[in-house]
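2 protein chains.
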Amino acid sequence: MPLRFPSSITIVDVAARDGIQSFPRAVDTATKVALVDRLSETGLPVIEVTGFAHPRVIPNLADAEEVCARITRKPGVVYRGLVPNARGAERGIKTELDELLGLITVSAAYNKKNQNMTLEQGVEEAIKTFRVVEMSGKRWVMALGMSLWCPYEGKIPQERVLSILGQFRNAGMRRFYLAGSLGMEDPRHVSELFGRALDAYPDIEIGFHVHNLAGSGLANVLAAIDAGAAFVEGAICGVGGGIAMPHTIASVGNLATEDIVHMLNEMGIETGVDTAEIAAAARDCAKLLGIEAGSHTAHVGTRADVMEGAKKAPREHPV
Amino acid sequence: MPLRFPSSITIVDVAARDGIQSFPRAVDTATKVALVDRLSETGLPVIEVTGFAHPRVIPNLADAEEVCARITRKPGVVYRGLVPNARGAERGIKTELDELLGLITVSAAYNKKNQNMTLEQGVEEAIKTFRVVEMSGKRWVMALGMSLWCPYEGKIPQERVLSILGQFRNAGMRRFYLAGSLGMEDPRHVSELFGRALDAYPDIEIGFHVHNLAGSGLANVLAAIDAGAAFVEGAICGVGGGIAMPHTIASVGNLATEDIVHMLNEMGIETGVDTAEIAAAARDCAKLLGIEAGSHTAHVGTRADVMEGAKKAPREHPV
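Top line first, the protein sequences correspond to chains F and G.
Just so we're on the same page, our numbering is the position in the first sequence counted from 1, plus 45.
Just so we're on the same page, our numbering is the position in the second sequence counted from 1, plus 45.
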């Protein structure tokens, strides 16, 4: 049986939160606002704008409320913010954002090391956070970070992910994403986990949040949509994310939104975003952030661009 | 139905031919020999060593016979050379190589522009070339370049590829590869073409030769092996290939062998090549050629390397 392709897929850009939170320099509010506003022009249906973490923990997101107040909201676009705990949710529900994102990291070792929490405590806090958002009437999506692989723990048991999904589902949640947070995940694991999760809970919606350290990001996207993922999350220019490694390359963060859009468009899967437009946005956002875009599409452009380039190229001998 | 994964797959490295032929500088014979010898140590089952084109057409392969004579042959490894025409085959059969590779480019526009040949003339020349090799007793594989997308013609009609495969099959050929020669191909097209070709001709073996301009190379590999591709061809460090574009990025050539091996190994598909070993080989080959490796795996290493790195990393906040 051939691969299964949906007729359309929802693309989410998380650069302004996941990219900025781990950006190597401080980014000023005006730049963040300009980044979100540029993304709003592309046709992207969901844009993650910021996160409501404690400013001491993530200094680059300290101006979350101000960013939310200053962006130009484009009708039809869902603007989202991360609320890592109930206190963050209390802040998030007071903004104009449409959707709030809860977060748990499925790795027990990571929770212990970074949050000094057990997984059970994490689940409990996430449900408390969800209750705050539920009361506010805003849309809710629950993120399961490191659902596949963790640099402290290695491969995450699929049963643990299914169990946590089940607990959240019992609490009333219906929309989730599973994150390949490191970008070291492989498509067989992605295929199996999405297949099992959607078999176990056919009434939930699961997206895929994808990083690209090993370069297999787009293969993982293919596996996820074949298995029924409802949405895919990247970051323009591939900014952000990714635990700092002693010997990393430039684009080890999130998978670049423009490369996801490009591939899906060429596959005839409706994204609502034009490839040339997202490539142009990536080039603009790279300038805004003072970085080189960590993607292929920002540099190479569309098939039409390559055909234009080939007209000027000398005789060559590819096989 | 989940993705189909074979239990093993054959990996071919073509850097010493496809990479060197379009290398931006002259490469001396000793470097080419060292490149092949380093690859021979990795466990790769098939290594493309050189090509027998006219030295005026591809100056960097002018020393083809000398390279063949000077490499250290490792028992069990298949050493291959490209013979683009019958004259090349006459040279190739006199060497110690085990396998010779015929080549046609499926794009009519490309044939016209670069070879001043019609497709029919190309098919005829390939069959003549095959006859020379057949008589010699060496193994034969037939390459169909640009079987999916061409920068002069755009998308290549699948019927044309099927028809050419059929003509070669009627002439007695049974082993082929289809090339995504530009790296602008998409996995749906790859899936459909491999599916149709193997349905139409169940007695042939088809590999996938893959470039990575749009970054979808590994997704295309996943689609090809799901559809039944028997082998996959990359180039160490991603060197070579790719029509020169006015605004290219570093790694627009062949898909890096080390990234292919890494992904397949993590999927539990037997490649016979160790990830750490191919990553080390990539770093050595980059030094040999004086380039930066155009891959993720050469820089990031294995999952074990990332776990080691994480131990030293500061507290981080990935999702």
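Derived from the structure by calculation, the hints contain no laboratory data.
Don't take each hint at face value.
In this list, chains with the same sequence are indistinguishable; a pair is considered to hold if it fits within one copy or across any two.
Claimed, not checked - Here are the simulated lysine-lysine pairs, DSBU-like style, with alpha carbons at most 30 Å apart:
no. : residue 1 : residue 2
1   : 200       : 357
2   : 332       : 356
3   : 157       : 200
4   : 200       : 356
5   : 357       : 158
6   : 158       : 119
7   : 183       : 200
8   : 139       : 183
9   : 139       : 119
10  : 357       : 119
11  : 356       : 158
12  : 158       : 200
13  : 357       : 157
Do the hints match the structure? See the list:
1. In this assembly of identical chains, residue 200 and residue 357 lie within 30 Å of each other by CA distance solely across copies; the values are 19 Å between and 48 Å within a copy.
2. In this assembly of identical chains, the alpha carbons of residue 332 and residue 356 lie at most 30 Å apart only when taken from the same copy (28 Å versus 33 Å across copies).
3. Taking identical chains as interchangeable, the C-alpha atoms of residue 157 and residue 200 lie at most 30 Å apart only when both belong to the same chain, with a minimum of 17 Å there against 51 Å between chains.
4. Taking the shortest Cα distances, residue 200 and residue 356 sit within 30 Å of each other only across copies (16 Å), while inside one copy they are farther apart (47 Å).
5. For the identical chains of this complex, residue 357 and residue 158 are inter-copy neighbours only, at 13 Å across copies versus 55 Å inside a copy, given an alpha-carbon limit of 30 Å.
6. In this assembly of identical chains, residue 158 and residue 119 lie within 30 Å of each other by CA distance neither inside one copy nor across copies; the values are 40 Å within and 48 Å between.
7. In this assembly of identical chains, the alpha carbons of residue 183 and residue 200 never lie at most 30 Å apart, being 34 Å within a copy and 45 Å across copies at closest.
8. Taking the closest pair of Cα atoms, residue 139 and residue 183 come within 30 Å of each other only inside a single copy of the chain (10 Å); across copies the shortest separation is 74 Å, beyond that limit.
9. Taking the shortest alpha-carbon separations for residue 139 and residue 119, only the intra-copy value of 19 Å comes in at or below 30 Å, while the best inter-copy value is 68 Å.
10. Proximity of residue 357 to residue 119 under the C-alpha cut-off of 30 Å is found in neither arrangement, the shortest distances being 39 Å within a copy and 43 Å between copies.
11. When the C-alpha separation of residue 356 and residue 158 is checked against a cutoff of 30 Å, the pair qualifies only between copies, where the shortest distance is 11 Å, while the shortest distance within a copy is 55 Å.
12. In the homo-oligomer, the alpha carbons of residue 158 and residue 200 lie at most 30 Å apart inside one protomer (17 Å), although the nearest pairing across protomers, at 51 Å, exceeds that limit.
13. In this assembly of identical chains, residue 357 and residue 157 lie within 30 Å of each other by CA distance solely across copies; the values are 16 Å between and 57 Å within a copy.
Hint compliance for this structure: hints 6, 7 and 10 are broken, all remaining hints hold.
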